[in-house]
Every structure is written in structure tokens, then in C-alpha cells.
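A.B. asks: So you can see what is in the structure, the chains are spelled out below.
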Amino acid sequence: MRAARERILASVRSSLNRGRIGADLEAELRARIAAHRRNPIPARAATLDHRAQVDLFVTMAEEVQATVARVSSLAAVPEAVAHYLAAENLPAELVMAPDPSLDAIPWRDWPLLQIRRGRAHASDQVSLTGCHAAVAETGSLMLISGPQTPTTLNFLPDTHIVLVEANQVFATYEDGWDRLCARGISEVPPRTINFITGPSRTADIEQHIELGAHGPRRLHIVLVEGKQASGSDDGEQDSPPAG
Amino acid sequence: MRVALFVTCLVDLFRPTIGFAAVKLLEEAGCTVEVPRTQTCCGQPAYNSGDRANAKEIALQVFDAFAGYEHVVAPSGSCAGMIRVHYPELFVDDPVHLQRAQELAGRSWELVSFLVDVCGMRSVTTQWHRNVTYHDACSGLRELAVKGQPRRLLGSVTGLTLRELPGAEVCCGFGGTFCIKYPEISDKMVTDKALDIAATGAEAVLAGDLGCLLNIAGKLLRQGRRIEARHIAEVLAGMTEDVPAIGVPR
Amino acid sequence: MLATSRNFEARARSGLANENLQRALRLARTGFPLRRRLAIERLPEFEALREIGRAIKDHTIEHLDFYLEYYETKVEASGGQVHWARTPEEACAAVLQICRSAGAKTVTKGKSMVAEEVGLNEYLEANGITPVETDLGEYIIQLRKEPPSHIIAPAIHLVKEQVAETFRAEHRALDAARPLDEPRQMCDEARAVLRPQFLAADVGITGANFLVAETGSSIIVTNEGNGDLTQILPRVHIVVTSIEKLVPTFEDAATLLRLLARSATGQEFSTYTTISTGPSRPGDLDGPEEYHVVLLDNGRSALIGGEFQDMLRCIRCSACLNHCPVYTAIGGHAYGWVYPGPMGAVLTPSLIGIEQAGHLPNASTFCGRCDSVCPVKIPLPKMMRHWREREYAKRLTPSVYGTGLSAWAWVARRPALYHMFAELASRALGWAGSGRGRFRALPLAAAWTRVRDLPVPEGRSFQSLWAERQKARRPR
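Protein chains in written order, with the working numbering: chain A, 12 to 254; chain B, -12 to 237; chain C, 16 to 491.
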């Protein structure tokens, strides 16, 4: 296999009519990677103020059949979740990510909700996770894997509920990525980064769109606006680092 | 402006009226028109078949035949595209001839876009009382951006109503040698085109390329449909009385 | 995958006659272009992004050796392993070896055209391992033992009755009286049948839409989520992919992703865009324990620096297929291999040779629609023409056309002779058809007149008439 590697690289170089690149060019290419320069970004979300970005996020998410409930505080979340499950005729039980960002939610206020924390198993019908970022441009959720954010929660259950705080809404995918890098997970990213835009679907049979192909049939977003438990205003957001 | 008419093989052989219509329109636009005698073909059949050598020989002949004219105008997007877009490609490795190719390309045009974009023609003073639909021939559309200009001029023809053709931009299936090499596929494409044309309820279909028109007219006639097929130049020049629609006997 | 591209003509004819296929293609022919157009109308920057996408791919290809090595270092740094494969055999052998080491009995698969290219499923089956396709379209055709007919919608050639028939035939444990008339029911059935397969698989194999050098990541896009269940549930995740999928950074991938879904299905973004990097990390509660990338060349490196280099920009969106009047007339199986439509017409001869795939670049009118919709501006007709040039040079062009065209060119280079023939021909045909307007049949023109009439020429050539007119106008 070592031979295959050398032969392939040699074939590439021979087609390019040169040998290995020189040190200068190599340094330049490495610098290009490290610079993380953004290519031109569509104006759609990037030119809006934050409040408008949040509204755009909601509009775009609803366009792809996610449902969105807007609540004013973390305290309102348990009731919103319970009502959603009841309205969908689903049992009042869910598996939740052991994500510290979900700890501040007063689940004890709604004791009929049975909650297990951990990864998802085949028998789980409903999951609840937070997210790393929400992208206004296309109504996409950015979720990252980790010890407290298992990926199976995003795919195994039929219904996936995602908690988004308004200050997690950003304009673009690049903003979400920058936020990831800023958290210091830059050298080796999380195992799985999911950008999720609406519930699972297929159009493989006569191009009829059917929801719930293999992933969740329902994607429900609970968007928390207003003062957070952490005390920050809904008008602000964690800004990504410059550049 | 001293303009040379690039006749095109199909117009020369099948329907000279289109050539005369082109001349009339160009003269109305204030041009003096000449028809170089040493022109024959643009070389596209050879070029598209992979025979670059013959295509180049023919191109050199075109350079000579059309030297010295301010503009070269063809009543065909396909032939004009060959000269404007593909001659430079043909000589991309040949700096001497590339220069001539680029120079000729810069002054070669499809007829209707020349009239509107270069001569500034905005309307014609003819009349033709018909519901018509218009097929956008591929080369003109995609290589030469011929789209708005025919519609603009047709809009000025008294009594003419234009119904947009669904799938106007879809190929009719002519494709030069394609229709001979893959006749069943070509037939499917032209059948779909004929269906779309008939569905508009139009009495006539127009286009800027005789290859497409022979193909489309041939199909409409075979299907027994009484939809007139004409080159747009015949209509704009008011020469629809001079010759019957394509494939219709006198 | 075994190529049957030599049989293009017969297969095209059978596609044209296939009523189910024609019904299916009718939906595709109008649906895809419309949805793409609507998506693009909502993104004013789309044209600008095409140019940037082209530049990103060109830059990467021009420095592909650097980016491949950089990528490999990053894969290894994240705990993954790269297996380089020059040929389909090497790729299959690498996958088998990984599966054997993992003691795999069943393998789930997300959609991968590269896996089709190397014939992975057949190879695994021959070696006692059962691959289960999980993309709904791929699953359906796996049951029917057919190849895919489209690069993103593999079962597009089928109507729902055919799918129902297949499910009834293959899902024998289910109640035979169950209703299966609607896509909803079939979708639910597939979901129920495949869920246990996802859970039981020892190894999950996906493709990759992009490989990111910066982080050593692979990116897949799906709408179903099958690619995700395939990679996070089993112990081992294998990515089967090819060298030209590389892009330098996430930002570069983001730009191409903006082009991809819009060009493919008219969606703003695919439902699941997943970036995978290595095996699961210490402390992760789920995810694969092993991550392998099988990196295939299979002739791609040889395309660099040549007439077909631009083909390596392809991001496999399928816009060219969806807008091609030939593809939407005959369907994908006519092309006889993995990659149909305009991109297949250019890529297939590059990978399996022009002798086998000669028809593909010839079955085109060069209408140019593919070129105009390609998100990374690949000049597809131009490259098809280059294939025709190579065929001509190798004398692979059928002699009847070659002779006819040479004769035409010979006459065209002799204007006086040409004008004489043109005048003779128009007079002769004009006389033969006088009074009729058109020929229903004409010797030597059977290919034309079999299906359409041939209009009769006016009877004189333009040049002759013009010469007469000029003579008449000359002052005496």
C-alpha cells in the first residue's frame, strides 16, 4: 500500500509536470490553510441585524418542515416540550443529551416528563439536545459530537427536539465554524459535526417528498429568546472571533 | 457599414429566401451588403466530428473570404457561433492564425442580435397577423446570448402575438450529424418539441436557425399538424408572401 | 462495475420504448430544472459562487499532491487511517481487509458512486460479506439487482408500482395483503426493514462528497440520514472515495456546499451535511471506534495536466444530467456504466477507455445546457468534442460518417465546385419534390425521413440567385 501511495503521488506530479513542490510554495499553501480565509458570503443573513437573523432562522427552518416554538426564557422550556409531545400524541418521555447547557432548565417543574440522560438507543422515540450554533442563512442547526453530546440523539429517535438560545443564532456556516475553532477544538475537530436542515426526507420514489426516511420524522426547535439564565440579553450573541 | 453576408450551407441549398430576407433587413438598417463568392461552409460538421484538420482548412478559407468587411453576419446562431466562439478555440495552439481568428470573431454576428445590438434596430414596420411561438436555437442562445433581441423585434410586428414556448430553451434534437447518428433519440427530442409547440395553440413557430426549423417543420408535417414554420428573418423582413412556410408546397 | 457502454444504441432504444421509464423521466425532466431555477433565483450571488467554486477546485487540483499528503497527516492525527488504492482491485481488497479484521458479517452502505465504480458490493458478496444499501433508491435497486441510473437519485427510472412490486417480492415476511400504493407506505416499510440492519451492522461504508485537507475530514450530504446511521452505529466507518474530492479548508467546502444542493435538487441545503473526522474521541458515548479512508485514483491522476483536467472539478451534483435532453430521453442505464449523462460522457471514456465508451461523447447535440448549469463551470461539450477528436485520430469513427464528412470537407474547400454542387442539388431536389412541399421518403436520407418529412428546397441556390440579381443590377 505504501507503493500505491508513492505511485499515486508520483502520477499526480508527473501530470503536473513537476516534482515535489518547493519549500516556499509549501509554506504558502500551509499559510493559506491556516489563514482560514472566507470566500464571499451571501448577503442574505450576513447583512441583517441579530433580531432579523433570528427571524430568518425561524422562517428558513419552518420552510423545511421543522417546527419552531418561541419561548421567552429557559424556565418556559419544560412546558413547551411537554405541550409539544402531547400535541403530537407522543408519550411524555425523552432521552436528553448530558449537555451542561441543558442543566439550567428547570425540568423538575414538569415532573410528568420522564427524562433519561445519555445516548440514544433503538427504542427511544424522542430526543432532546442543545446545539452548537444555528445558521440563519438556511435554517440549519450545527451540532457537534462529544462526551456530553452523543450523535445518536440526532438520528435514532423519530422525534428530535433541539433547544436553541437566541444568542446561538449566527448568519452563516462559517460563523458556526469560527465559534468551534474559538472554543479551542481547532487542532482536531469533534468526531461528528452535523448541519441539520429540517427533518429527514426522501424523494426517491417518483420524486414525492416523504418525511422521516431514516432519520427523525419530526424536528422541533425550541427557541429561547429574552433574558437567559446566564443573564445575557436576547439582543446580543456570542460573537465569533474576527476574521 | 460594409457588411458581408455569411449565407450558411442550409440557407444556400434549402431556402435562399432567408438569405434575401437577411439582406433586406441589413439594408434597412443602413448597411451595404456583399456576399463573398468564395464562402462555402463554416466547417462545423468537420469540427464537431473531431476532424480539426479539415475544420482549420475551411476556417482559413473563411478568413480569406471575409477579410476586409466591417462585419460578418449570418442568419444562424450555429454558424455565427462557430466563427465567434470556436474558431479561436480551433487555433488556440497556433498564434499566427489565432490572431486572425480572434479578429474575425470580434466582427462576426448572428443576424437578429446584430440588428438590435449593433445597428440599434428597435422595431420593424412589417405586419403578420399570427399567433406565433419561438424556439431558442441552442448555439445562438448559449454561445451568443441571443434571447431578448428576437422577441423585441417580433413584438413590433403588427398583428403578431407571441406565446412563449414552454421548454423554448430545450434542444430540438437536430444537432447536425446527431440526428443521423442517433435517429431514435433525435426523434424523441423533436417529438417532444412538436408537442410543446402544438400545446401553445400557436399558428406558427419561428426560430433563427434553419437546421432546427427543417427538423421541427419535418416533424410537424409528418404529424399532419398545420403549424407554419419559418425563419424569423422572413417575418421581420415582411417576406412571408414570397415563399410558403417550410415544407409547404407553393 | 462491468461496463456495457458498447451497447449504447440498443440500450437507448430500449429506454425510449420503456413506458415506465418514460413516465418517470417526464417527472424528472421538468421537476429538476424548475426547482434548481427557483433556488438560484433566491441566491443572487450564485453566479459569483460558481466562479469561486471553479477556482477552489482548480487550485486544489494544481496542488493535489500537497493537499493529499497534508490530508493524510490530518486523518492520522485524528486517529484515522488512509488506504491508497490505484485500481478498483486495490480499493476492494483494502475494504475487504478492514472488514475481515473487524470480523464483519454485515455491512451497511451509504450511497457511493466510487463504490459502484470499483464493484464493491459484488466483491464483498463474493467474499462472504453482505452489503446492505441504505439509501432508499440504492436499496430498491439492490433488491432489483439493477445498477443506479442517476448519480443522486439511483431509482429515478422506476415508477412507484415497480417499487411496490419489488417490496412485495422481497419483503416476504410482511403481510401480503398490506397496502403499498403510496410512496409514504413504501418509505415507512423501508425504514422499518432497514432499521435493524443499521443496528446490526459491524461496518458502515459511506462515500464522500468532499474531503477537507485542513482537518482530515470527510463530508457527506444526504436527505435521509442513512449516511449518518451508517457511520455512527457500527464499530468501523470506512469512507470509499477518490483523490479529486479534496478541498483545502472548511470555508472552501462551505462555498461548494452552497452550490451543491441548489444545483442538485433545488434545496437550500441538504437535510444532513455531516463532517466526520476520525474515530470517536475518548469519552464519546457513541460513534465508530475505527475510521478508514480508501482513497482511489483509477486514472484520475492521469487526467491532470491534460485536455480533461476540468472534469476533476465535478462535485457530482447531477445538474448536467437533469438538464440534458438526451439523458432525460433515454435514462441512465443506456450509458452502460456508473456515470451517465454529460458528466458520464466525459468521465467514462477517461476511466474505461474510449474504445468501450465511444458512443457516449457522440450522443450529444452540443446544445450546451449542461455547460450552462454546471456549478463549477466544466466545459462539458468541449471535452466531448475532444473525445471525438481522439476517436477521429484513431479512426474509431464509423466509416460511413468519416467518408461522408471527408467528402463534404473536400468539396467545401473548393468554392467553385461547391457552388456548382449546391446549385445542382437544389435544382434536382427542387424538381424531384416540386408541388409536394416535402419528401416523405428520400433515398440516402432514410435516417431522417423514417420519422420526419424533409422539406423540399426552393429549387435554386442562394449564391446562384444572388449572382443573377447582381448581374441584373449591374449598369450596362
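Honestly, the hints are just simulated from the structure, not real lab data.
Here a beta-carbon is modelled for each residue, glycine too, at the ideal position from N, C-alpha and C.
Check before you lean on any hint, since a few could be wrong.
Derived BS3-like pairs (lysine-lysine); straight-line CA-CA distance at most 25 Å [stated by the list, open to error]:
1) B:168 x C:175
2) C:486 x B:43
3) B:134 x C:409
4) C:175 x C:120
5) B:43 x B:168
6) C:160 x B:168
7) C:175 x C:160
8) C:409 x C:392
9) C:486 x B:11
10) B:43 x C:175
11) B:134 x C:120
12) B:168 x B:11
Simulated restraints on C-beta separations [to be verified]:
13) C:459 x A:219: 18 to 24 Å
14) A:34 x C:419: 55 to 61 Å
15) B:51 x C:414: 30 to 36 Å
A.B. asks: It remains to establish, for every hint, whether it holds in the given structure.
C.D. replies: Structure-based check of all given hints:
{"no.": "1", "hint": "B:168 x C:175", "result": "34 Å, violated"}
{"no.": "2", "hint": "C:486 x B:43", "result": "33 Å, violated"}
{"no.": "3", "hint": "B:134 x C:409", "result": "39 Å, violated"}
{"no.": "4", "hint": "C:175 x C:120", "result": "32 Å, violated"}
{"no.": "5", "hint": "B:43 x B:168", "result": "24 Å, holds"}
{"no.": "6", "hint": "C:160 x B:168", "result": "31 Å, violated"}
{"no.": "7", "hint": "C:175 x C:160", "result": "17 Å, holds"}
{"no.": "8", "hint": "C:409 x C:392", "result": "29 Å, violated"}
{"no.": "9", "hint": "C:486 x B:11", "result": "18 Å, holds"}
{"no.": "10", "hint": "B:43 x C:175", "result": "52 Å, violated"}
{"no.": "11", "hint": "B:134 x C:120", "result": "59 Å, violated"}
{"no.": "12", "hint": "B:168 x B:11", "result": "37 Å, violated"}
{"no.": "13", "hint": "C:459 x A:219: 18 to 24 Å", "result": "48 Å, violated"}
{"no.": "14", "hint": "A:34 x C:419: 55 to 61 Å", "result": "58 Å, holds"}
{"no.": "15", "hint": "B:51 x C:414: 30 to 36 Å", "result": "32 Å, holds"}
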